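From first to last, the protein sequence lines stand for chains A and B. With our numbering, the residue at position 163 of the first sequence is 163, and numbering never jumps. With our numbering, the residue at position 142 of the second sequence is 1142, and numbering never jumps.
One or more hints might be untrue.
[Claimed, not checked] Now the in silico label distances, taken between C-beta atoms and shown as ranges:
1. A:D153 <-> B:G1031: 21 to 29 Å
2. A:G304 <-> B:W1024: 45 to 53 Å
3. B:V1264 <-> A:D16: 44 to 52 Å
4. A:E28 <-> B:P1055: 50 to 58 Å
5. B:A1051 <-> A:E131: 13 to 21 Å
6. A:A135 <-> B:Y1074: 53 to 61 Å
7. A:D153 <-> B:V1251: 56 to 64 Å
8. B:F1046 <-> A:A77: 22 to 30 Å
9. B:W1024 <-> A:D153: 33 to 41 Å
10. B:W1024 <-> A:E221: 52 to 60 Å
11. B:Q1284 <-> A:T2: 50 to 58 Å
12. A:D118 <-> B:P1023: 40 to 48 Å
13. A:E233 <-> B:G1031: 51 to 59 Å
[Said to hold, decoys possible] Derived pair list, reagent style DSS-like, types lysine-lysine, alpha-carbon separation capped at 27 Å:
14. A:K132 <-> A:K109
15. B:K1050 <-> A:K132
16. A:K128 <-> A:K109
17. A:K132 <-> A:K177
18. A:K141 <-> A:K109
19. B:K1050 <-> A:K128
[Claimed, not checked] Chain B is nowhere near these chain A residues, computed Cβ spacing over 10 Å in every case:
20. P38
21. V100
22. H210
Calculated from the structure, these hints are not laboratory results. Just so we're clear, the structure is a prediction, and the values are computed from it rather than from any experiment. Using N, Cα and C, we set each Cβ at its ideal position, and we do this for glycine too.
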Amino acid sequence: MTAIIQAAALVKRYGDFQAVDGVDFSVEAGEFFGLLGPNGAGKTSTIKMISCVQPVTGGTLHVAGMDVGSHDRQVKAMLGVVPQDDNLDQDLTVRQNLEVYARYFEIPKAVARERVADGLELMQLAEKADEKIDALSGGMKRRLVIARALVNDPRILILDEPTTGLDPQARHLVWRKLRLLRERGVTILLTTHYMDEAEYLCDRLIIMDHGRALAEGHPRELIARHVGRDVLEMRLSVDENERVVEALRPRLGEGGRIEQIEDVAYAYGVTDEHRRLAEGLIDDPYRVLFRRANLEDVFLTLTGRGLVE
Amino acid sequence: MSIVSPPPSRTVRPARRSSSVIPWLGIAMPGPRSYRVWQRNRDVFFRLWKAESLPPTIEPLVTLLGLGLGLGGYVSLGGDQEYVQFLAPGMLMVFPMFAAMFEALFGSYFRMDQHGTYAAIYATPVRPEEIVLGDIAWAATRMALNTAMVLLILLALTPWMGLIQSPWVVLTIPVGFLVGLLMSGLAIAFTSVARSLSQLSYFFSIFVLPMFWFSGGFFPTDQLPAWATKMAAIFPLYHAVAVSRALTTGVFEWGILGNLLWLVVVTPPALWLGIWAMRRRIIQG
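Excised from the complex, chain A in its bound form (with noise of 0.2 Å):
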């Protein structure tokens, strides 16, 4: 396996501002690589580095080993890039969206022709094709920035946030399309703040905050190093609160911890044991919640916080 991205020492810096503080990180060829973290962790700073539209303040960053300062045309040749925001191009049909951005990449007409098919087909959007931008949903938007990210045949597909603001349904079919393109090889980082969606998709991803790499790993593997496999989850009044904390504290096992986000409690390197205990002290048993633990669980662990604010 071949590093496809490199970075090391990575720092990005607006005037006084550390948006990203040193963090190293290689994606391999093929994979689905996240970056999670929550609003402001430098997510997005990085992946405007990787995709040339920001300089690199510091540090090192080669993608196909190429480095982004000197050889940003060839890298970005390579990439197909879904912005957190939907920037269609409002004036123009779904189809010639992505036919006049193959133009950006110098594609020969009957090549963009078809890719623009294809893009269209893949991601559900055939019958649209016609159809102004406004006509379009949510989610149908960024399947169609997708499509126009898949135009010039990346070899990296980088997305950021590529499901904040769409429902259910249409978050799942992303999801989907985005398993697909994995399969087909292409190479994918994504960033996120919704820790299903880092779990569900990535291969491997870092945890962010405030600039810094936390944590690096397989998803479940993270989950298993840091918080272990069960989690039990209590929404505690005021004068619960210390008695509950109190009973269970003794009782947790090595690496067990207790972390509190406002009036909820999370007790990690549970048992069963500890479940029944806490049902016993807490009248409502709604407010006990018994549960495997997940990248949430992972990130209040390392930090404290919870991921979305």
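Chain A is already provided as a structure; the job is to place chain B on it using the hints.
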């Protein structure tokens, strides 16, 4: 693969400039991909061309009839020239220039800010310099197209009004393109620093409107006070109208070469300014 701290040799370096930027110009030389951006604008225009081509024909027509025939009855210019004949050369430049200004101010503002068109193109191998040049070239094309449309109207009216006296008048179309490049370069530089749509109207009030009146399109500027005559000569439109007047009437004086030279010399810096300024805005994101 690891997230351990980097080896010491990879320390923080200052921001690098893209290697293609020419240091003393501050921009890269725009290449043939500018044409792709021009094509995009052309395609949009031809989707809407019916709606877009009515105003450029109506404005000069109304002006010719209203000012030329109405006000013209009270105006006497030395010789046997009618006022409506005096107006005609200005019509070939003044109103077409408005089309270029709308493109380079409002059109570009929407593409830059509201619609994210520039950002979308910037993610492709098209360079920001090429985006801006493509946009400026399109605005200039709009001006040349409108000059051609006005010319058709003037030609149609010529049997009654004697508006066109020389076949050289066809050269007003390329002159329109040149003036369009110059003016759009300046306008797009203004657009690049605009923070809201309403700020764009400053460019109209402060620059375009005075130029509109003092360009020599509506009255000869040599009857103004001396300072105002001198001031008029800083307006690109003043030189454009002078050239257009010579091409329309077939009366060439040596001074016309000076006007043409002025346009030719000022256009490259105006283009540079537009590209340099808007490039900055695009890169800032």
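Against the structure, the hints:
1. A:D153 <-> B:G1031: 21 to 29 Å: Because 22 Å falls inside the window, the suggested range holds.
2. A:G304 <-> B:W1024: 45 to 53 Å: holds, 52 Å
3. B:V1264 <-> A:D16: 44 to 52 Å: holds, 45 Å
4. A:E28 <-> B:P1055: 50 to 58 Å: Since E28 (chain A) and P1055 (chain B) have Cβ atoms about 57 Å apart, the given range 50 to 58 Å holds.
5. B:A1051 <-> A:E131: 13 to 21 Å: holds, 19 Å
6. A:A135 <-> B:Y1074: 53 to 61 Å: holds, 54 Å
7. A:D153 <-> B:V1251: 56 to 64 Å: holds, 60 Å
8. B:F1046 <-> A:A77: 22 to 30 Å: holds, 28 Å
9. B:W1024 <-> A:D153: 33 to 41 Å: With Cβ atoms ~38 Å apart, the hint holds.
10. B:W1024 <-> A:E221: 52 to 60 Å: Given a distance of about 53 Å, which is inside 52 to 60 Å, the answer is holds.
11. B:Q1284 <-> A:T2: 50 to 58 Å: violated, 34 Å
12. A:D118 <-> B:P1023: 40 to 48 Å: Holds, at about 43 Å.
13. A:E233 <-> B:G1031: 51 to 59 Å: holds, 58 Å
14. A:K132 <-> A:K109: holds, 22 Å
15. B:K1050 <-> A:K132: holds, 18 Å
16. A:K128 <-> A:K109: Roughly 21 Å separates the two Cα atoms, so the pair holds.
17. A:K132 <-> A:K177: Between K132 (chain A) and K177 (chain A) the Cα gap is close to 23 Å, so the pair holds against 27 Å.
18. A:K141 <-> A:K109: Status holds; Cα separation ~24 Å.
19. B:K1050 <-> A:K128: holds, 24 Å
20. P38: Since the minimum Cβ distance to chain B is about 18 Å, P38 (chain A) lies beyond 10 Å and the statement holds.
21. V100: violated, 5 Å
22. H210: Check passes; 14 Å lies beyond 10 Å.
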